[in-house]
Amino acid sequence: MFWRETFIVFRRQLRIALRNPAWVIIGLVQPVLYLCLFGPLLEPLAGTLGAENAYTLFVPGLLVQLGLFGALFAGFGLIAEWRAGVVEAERVTPASRTALLLGRILRDVLQLFVQGIVLIGLAFLFGLTGSIPGMILGLVITVLLGAACAAASNALALTTKSEDVMAPVLNSIALPVLLLSGILLPMTIGPQWLQVVSDFMPTKYIVNAIRELFTGDFFTITTLWGVVWTLVLFAAGLYVGTRTFRKENA
Amino acid sequence: MIHARGLARTFEGRGRGRKDEVKAVAGVDIDVETGEIVGFLGPNGAGKTTTLRMLTTLLKPTAGTATVAGFDVATQSKEVRKSIGYVSQSGSTSPEARAGEEIMDHGMLYGISRRQAESRGRELFGQLDLEGLWERKPQAMSGGQRRRLDIAMGLVHDPQLVFLDEPTTGLDPQARANLWTHISELRDTRGATVFLTTHYLDEADALCDRILVIDHGSIVASDTPDALKRQVAGDLVELVVADAAQAAAAAELLGRVADAELAAEGATVSARVRGAGHEIAGLIRGLDAAGIALESIEVRRPTLDDVFLDLTGRSLREDA
Chain F
408 MFWRETFIVF
418 RRQLRIALRN
428 PAWVIIGLVQ
438 PVLYLCLFGP
448 LLEPLAGTLG
458 AENAYTLFVP
468 GLLVQLGLFG
478 ALFAGFGLIA
488 EWRAGVVEAE
498 RVTPASRTAL
508 LLGRILRDVL
518 QLFVQGIVLI
528 GLAFLFGLTG
538 SIPGMILGLV
548 ITVLLGAACA
558 AASNALALTT
568 KSEDVMAPVL
578 NSIALPVLLL
588 SGILLPMTIG
598 PQWLQVVSDF
608 MPTKYIVNAI
618 RELFTGDFFT
628 ITTLWGVVWT
638 LVLFAAGLYV
648 GTRTFRKENA
Chain H
9 MIHARGLART
19 FEGRGRGRKD
29 EVKAVAGVDI
39 DVETGEIVGF
49 LGPNGAGKTT
59 TLRMLTTLLK
69 PTAGTATVAG
79 FDVATQSKEV
89 RKSIGYVSQS
99 GSTSPEARAG
109 EEIMDHGMLY
119 GISRRQAESR
129 GRELFGQLDL
139 EGLWERKPQA
149 MSGGQRRRLD
159 IAMGLVHDPQ
169 LVFLDEPTTG
179 LDPQARANLW
189 THISELRDTR
199 GATVFLTTHY
209 LDEADALCDR
219 ILVIDHGSIV
229 ASDTPDALKR
239 QVAGDLVELV
249 VADAAQAAAA
259 AELLGRVADA
269 ELAAEGATVS
279 ARVRGAGHEI
289 AGLIRGLDAA
299 GIALESIEVR
309 RPTLDDVFLD
319 LTGRSLREDA
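Going line by line, the protein sequences match chains F and H. For the first sequence, my numbering assigns the number 657 to the last residue and increments by one with no breaks. For the second sequence, my numbering assigns the number 328 to the last residue and increments by one with no breaks.
Rather than coming from a laboratory, the hints here were simulated on the basis of the structure. The model shown is predicted, which means the values in this text are computed figures rather than measured ones. Beta carbons: idealized from backbone N, C-alpha and C, even for Gly. Do not rely on the hints blindly, as some may be mistaken.
Said to hold, decoys possible - Stretch by stretch, here's where chain F covers chain H in the computed footprint (C-beta under 8 Å, at least three residues):
#	segment
1	96 to 107
2	111 to 118
3	185 to 199
Build the full structure now, drawing on both the sequences and the hints.
Here is the structure:
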């Protein structure tokens, strides 16, 4: 029953999204633009940053960025649905509230998965070399992180019910996370104080872990920390999300 | 079908440093029998939607109990949800989805099979004059069509009890009249019990077997539309005398049968008279005997507007 309900919600979300050409095109163009417009800038820097291959440094950062930001903004769609009465109509059915959330998250996760494949595939054309199993694992971590963010974003959307409140909240979270996680440039090139601040950013460990995975280092302490943080965020995101969806009057 | 006792809901408003309690619904008793169409009438902010959301398990009561379709709303919410259809004010479909797919998905969330959902959906589209709109997006439908689609969504699982929250708000008169026919048919052809909220008196009058009037979170009246009109206001009798000088004398005679205060303006005298049909013959004889010639006499049955004014001291249109 639960999985059937989840699937009904997922299929509905996906169907509506796929019929929206903007959703499809923007989703696919995003990773391409990053690779084409930002990749060339990094290539000459790769040596000074301590990487043999610029793309094992760059692509993991982009993956995490897709996972974080694509999914964090997923909640906006829910506000529109709430306004149209869809959320209430679904909540008055006997369907599980968790299924209503999970079906939506699965769509965002699928989008992220496809974007990640496109990104990694294209990066090969640009000259990415590294461990294929590591890349697969890196993609899995990204997807889990994305699921956590999508769940949190949906929870925030259902709590605030207003784009005007949600946009500044998300931006104020997103900017420090982007700057302090070493998504675009590794934190190691920064001054001491900046590195210390970034130590408090769970996503930094995740980016670092995916970088190591891409180069084929599976069993390092960095990788372990990244996996642990991913699982913690995943659990926390799903907890907050389901709690909000199960709450009455949400 | 619905039995509520002392159902109440208090919201905690968050003021600056202090806690306000807002009593949205202050303990209502509601009884609705199978096959009834009951109207829940009140101005905006009276507590209609809050009550409805409690009865449909969307909101937990802070006090009191309610059984809906035989199940307790607090402890058996899943069973309640299976047995009821709820058509909310805000709609139920995404503007960019397709109508047929929306109704099928909705039905399947109720646990019915894909095939069943499709056949029920198509049948409802037929009954609600939505033929040919199966592939249409709600954003390309008229207001009346969208509202009927919402109703179809609420009926896809064949509920015995349907809640309609302000079903005709925002529709043009023709679409409203059309929707009224469909709502009556819910009971007449399907045997469903209907509980609807409205702030249109004519709608409650035209559709409902019984009306509950709610104001400031409490039910102030419950009866049939006719009984309410009889009980509260009395008929309005308006006399226009031929000679304005005789107005005072006419007023005196009218005052003998009148229920409430007289209103006199120039040659016109009017008053509420309980059972005017019965009193009017004597009144005319009396006027005749006193030699008072009449320009016109008019008896107006009270409208529910009058009832509402009488019950709450304000007109229904003075929205909160």
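* Numbers of unmet hints, in rising order -> 3
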